[in-house]
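Student: As given, the protein sequences belong to chains A and B, one line each in that order.
Residues -6 to 104 in our numbering are what the first sequence lists, from first letter to last.
Residues 600 to 762 in our numbering are what the second sequence lists, from first letter to last.
What the hints contain is simulated information worked out from the structure, not anything from laboratory work.
Virtual Cβ for every residue (Gly too), placed ideally from N, Cα, C.
Be a bit skeptical, because a hint or two may be false.
Here are the simulated distance ranges between beta carbons [said to hold, decoys possible]:
hint, chain 1, residue 1, chain 2, residue 2, range
1, B, 733, A, -4, 39 to 45 Å
2, B, 656, A, 67, 35 to 41 Å
3, B, 752, A, 22, 39 to 45 Å
4, B, 638, A, 28, 38 to 44 Å
5, B, 641, A, 22, 37 to 43 Å
6, B, 744, A, 56, 36 to 42 Å
7, A, 54, B, 649, 43 to 49 Å
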Amino acid sequence: MDNKKHIQGEVEKTLNSLEGIQRATANPYLFTRIRARLEKGDKSFWSRALAFISRPSVAVPAIVLTIFINTAIFFESKSEKVQVPQDVEQSFASEYNLSDNTIYESTIEPE
Amino acid sequence: MVQNTALGILQNAEDAEDVTQEVFVQVFESIKAFKAESKLSTWLYRITVSKALDHLRRKKRKKRFAYIQSLFGAGGETLIEKPDFNHPGVALDNKERAAILFKAIDQLPENQKIAFTLHKVEGLSYQEISDVMKTSVSSVESLMHRAKNNLKKLLNDHYQNKE
């Protein structure tokens, strides 16, 4: 029982150990480092382009648009039937003697 | 303000400096986008918290990857146990307890960690914390309540194991 009370006391003291905490002071060279980084200059075109493309407001619509275009092309190609003109069909059939349907209808020339 | 917040969340002076730099670079680049809908300090806190959390997540991912690599026997750096964090602003007689508390804070879920750090380390009110976290005051109260309960459990376990 005493042990439990003791532990509870320790826990409370630890929880309150941040009372009166002061702000940490910055390293004197931190400002110099920040200034140097800001003065480093503009980023290259490619890094700016990459930063622009990787923004969620650009990347998500681009992906959605790509998926939409792919889906549209897929369904459009599926529904298209290859239409062969009638006269092309007939000339092809006559060239290869395909107009006769059965062997009994085909004429065999006598020797 | 920025560095102190980053230090409280990251519990590492070098990481806090890196994040502080990133925050000021971001502020410099996007100051034109600041619409003054909130206070400038609120905006700064939001960027700091966001950058600090990103840094923490990157570190955790690296740690996880290194652990998986070590399972497969792939070389690499040995994982070193994080040393106790001593906040420079803590009074000398509280340093040891504060180090134990920071270790426990590090194990809290992100939102509870942020709320607790902003309140205890930065001294922000619940209203100010709700502005920073873009949530309601009652949500902040709930986060603080859960954070304190979790910390009590963690500290209880710590002192029981010590005995």
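Student: Next, verify each hint and record whether it holds.
Tutor: Going down the list of hints, with the structure as the test:
1. 733(B) with -4(A): 39 to 45 Å: holds (44 Å)
2. 656(B) with 67(A): 35 to 41 Å: Hint holds: Cβ distance 37 Å, inside 35 to 41 Å.
3. 752(B) with 22(A): 39 to 45 Å: Holds, since residue 752(B) and residue 22(A) (Cβ atoms, about 41 Å apart) stay within the stated range.
4. 638(B) with 28(A): 38 to 44 Å: The hinted range 38 to 44 Å is violated for residue 638(B) and residue 28(A), with Cβ atoms some 25 Å apart.
5. 641(B) with 22(A): 37 to 43 Å: violated (28 Å)
6. 744(B) with 56(A): 36 to 42 Å: holds (41 Å)
7. 54(A) with 649(B): 43 to 49 Å: For residue 649(B) against residue 54(A), whose Cβ atoms are near 23 Å apart, the range 43 to 49 Å is violated.
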